[in-house]
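Trainee: Listed below, chain by chain, are the residues.
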Amino acid sequence: MFGGLIDRIQYIGAETLRSFQRLGRASVFLLEVIASCADLVLKPTLLIKQLYSVGVQTLIIIVVAGLFVGMVMALQSYYALVDFGAEDSVGVMVALSLLRELGPVVTALLFAGRAGSALTAEIGLMKATEQLSGMEMMAVNPMRRIVAPRFMAGVISMPLLATIFSAVGVLGAYVVVVQLLGLDSGAFWSQPQNKVDLYLDIYNGLIKSVAFGFVASWIAVFEGYDCIPTSEGLGQATTRTVVHSSLAILFMDFILTALMFSK
Amino acid sequence: MTSRKIEILVGLFVAAAIAAFFMLAMSVSNMSSYGAGDSYEIKARFDNIGGLKVRSPVAAGGVTIGRVTEIQYNSDTYEAVVSMTIEEQYNKFPVDTAASILTSGLLGEQFVGFEPGAEEDFLKNGDVIDLTQSALVLEQIIGQFLYSQSDDEKTE
Amino acid sequence: MSDILVKIRDLHFSRGDRKIFDGLSLDIPRKGITAIMGPSGTGKTTLLKLIGGQLTPDQGTIEVDGLNVHQLSTRKLFELRQRMGMLFQSGALLTDLSVFENVAYPLREHTKLSDAMIRHLVLLKLNAVGLRGAADLMPSELSGGMSRRVALARAIALDPMMIMYDEPFTGQDPISKGVLVSLISELNSALNICSIVVSHDVPDTLSISDHVHFISAGKIVESGSPETLENSKSAWTLQFIHGDADGPVPFHYPANPILDDLYMDGK
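Chains as they are written, first to last, in the working numbering: chain A, 1246 to 1508; chain B, 269 to 424; chain C, 444 to 710.
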C-alpha cells in the first residue's frame, strides 16, 4: 500500500514534467511559426487558400449558430424583462452579451471544433504520409509552407467570424423581438446605441477574438505537427486540440474579461 | 476548385465581416455620438458626482451634446473635477451656464445637464464651470424627507 | 573531386534505449547504384534520414560531397538538399496538388524559371517516368507504383547529384516492381549520378546494384559487388540472400527451453 502511494506520486511527478516539456516545445514551436510568418507577405496565395479552408468553410456554422443564439437570447430576455416592463432593453441586452462574451467565445469554441480539429488532422496526416519529411528533403521548410499560412489564417479569420456571429445574432434578435413579438423597432435599436460603446465593447470583443484565434490556431497546428504519426496518435491529437483549445478559450475569457471590464 | 473561385469567396468573406463590423458600429453602438467633427473641452467642479462615470452623456435640453472624458478628485478643494468633451457645433454656451448631475428616470443612469445662462461671452476650450449642482443621492433625499417629516410632527 | 560522395565515419545513433547504429562506417561512391540491405528494423530508413540531415547522430560524422551534414547552417543544409533527391516509401506527394504541380513544386520553390520553361521541364521529367499522360490527375487517383514514379520525377526535377530510394519495391505487384527496377537503373545511367537504394528485396536490388552493403545490428556485416556476395562465405549473408527460415538469425525469439516453459506449472 505504501509502495502504491510512492508509485502514484512518481506518476504525478513524471506527468507534470512531461506537461512542462510539452509546453516548452509548444513555445519554441510558436516562435518558429511566428518567425516563418514574415514569408507570407511574399506568397499571399498560400494564405488566401488557407483563409478559404479555415475561414470561409467555417462561415456556415458560424452564421447558423449566431442566428439561433441571438434568437434564443432575445426570447429569454424578453420573457424575463417583460414582467418589469423593460422589454425595450432586449436589444441592448442581446447586443452587449453578444459583443462582449458570446460572440468571441462561442465563435472560438465552434472554430476549435470545426477548423482547429481539421487543421490538426490535416497537418498530422501530412506528417503520417511523410509529406512534411518530403518537403524538408526538397529543401522546403514546412514551417513556412504548411504551418505558418494555416496559423495566420486562423488568427485572421477568428475576429472576422466573431464579428459576423455578433452581427447575425443581433439580426436574429431583431427578427424575434420586432417581427414576431411586436416590439417597436426604434426602441430596439435606440437603447444599444446609447449603451453599447464602440471602444469598450466592440473593440474589446475584437481583441478577445484575436487572442482566442491566436491560441486556438497555435494549439491546432502544434498538435498536428507534434502528433504521433499513426491513426491512433492522430485521433488523440485531434481530440486534444478540441479539448485544450476549449479550456484555454474559456480560461482566457475569464482573464481578459477581468482585465477589460473590471472598471 | 480554381484559385480564382477561392479568391472570390475569401474576398466575399472579408467583405461580409467588414459589413458586419459597420452594422455593429453604426447601428448598435454609440459610435455616431462620438462624431467625426471637432470638439472642445470643459471642466466642472462638483461636491458630489453620485454615480457619474467616464463616457456618461452630457445633455442640454435633453439632447446629447458631449461626453464625460475624465473624473478626478481634487484633494485641495475637496471637490470632484469632471472633464467633458463638447461637440464643436454646440459652442454657444454662455460662461454662466450651470451644470448639474441628473438622473434619467427614477433609477436610470446619471448624466451632466447644462442649463444655459445669460452672459454675452461663450464658454471656450479649457473653461471651468463654477455654477454646479451635485448629484441627488437617493439615501440623502430619503433621510431628509424622514427628518422633515419628524420635524413637522413635532411642530404640530 | 574525390570519388566518394557520402562518407560515414563511426556513426552512433539510438532511439530511446534502442541502439540503431553502433560505430557504422561506410563510403558511397559518386557514380553508380549502391544498395544498403538488411532485415527490417535495422534502421535503413534512419540511415537515409541521417544522410539527409533530418536526424542528428549521437556520435560520428556524415559527409556529403565534402560537407559535414550536421555542422551546416540551416541555409547551407537546404542548399545541399537541393542537390539530393529522396524517394519516400509512400511517395510523399503533396495531396492537395496535381501530379504536374507536384513535379513543378521544387522548380517553383527554388528556381525563377518562367511558367513555359517549368511546363517544359515537368513534362520531360514525367515523360522519363512514363507518366506524361497522368499530369492532370490528383495523387489520390494514382496507384502506389504510379505515386512512386511521380515522386521519382519530382526527385529528379532539380537534376540532383544523388537520389536516395527508401524501400522502392515494397508492396508492389510484379509489373510495377519491374518498372521501378528498370527505371532506377536507367535513370542512374542516363543521369550518371549516385543512387542509394535501401531495400530488403534481395533479387531485384542485387540485379541493378554496383555495390552492396549488408547491415545488421548497427554495423556493416559484409560489403562488395553483387557477384562476390552471392558467393559469400558468411552464413548470415547466405541466409539473408536465400531467405532461409533458420540460421545465424534464429527462427525463435530468445526464450527458455520449451520444455521448461511447458512444464512450468507441473514443477
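Don't take each hint at face value.
Some, not all, of what chain B presents toward chain A, calculated at C-beta under 10 Å [stated by the list, open to error]:
| no. | residue |
| --- | --- |
| 1 | 282 |
| 2 | 296 |
| 3 | 308 |
| 4 | 311 |
| 5 | 328 |
| 6 | 330 |
| 7 | 333 |
| 8 | 378 |
| 9 | 381 |
| 10 | 383 |
| 11 | 411 |
| 12 | 413 |
Hint data in this document are derived by calculation from the structure and do not stem from the laboratory. Every residue gets a Cβ at the ideal spot worked out from N, C-alpha and C, and that includes glycine.
Trainee: Hint by hint, which ones does this structure get wrong, listed from lowest number up?
Mentor: Per hint list: 3, 4, 5, 6, 7, 8, 9, 10, 11, 12 violated.
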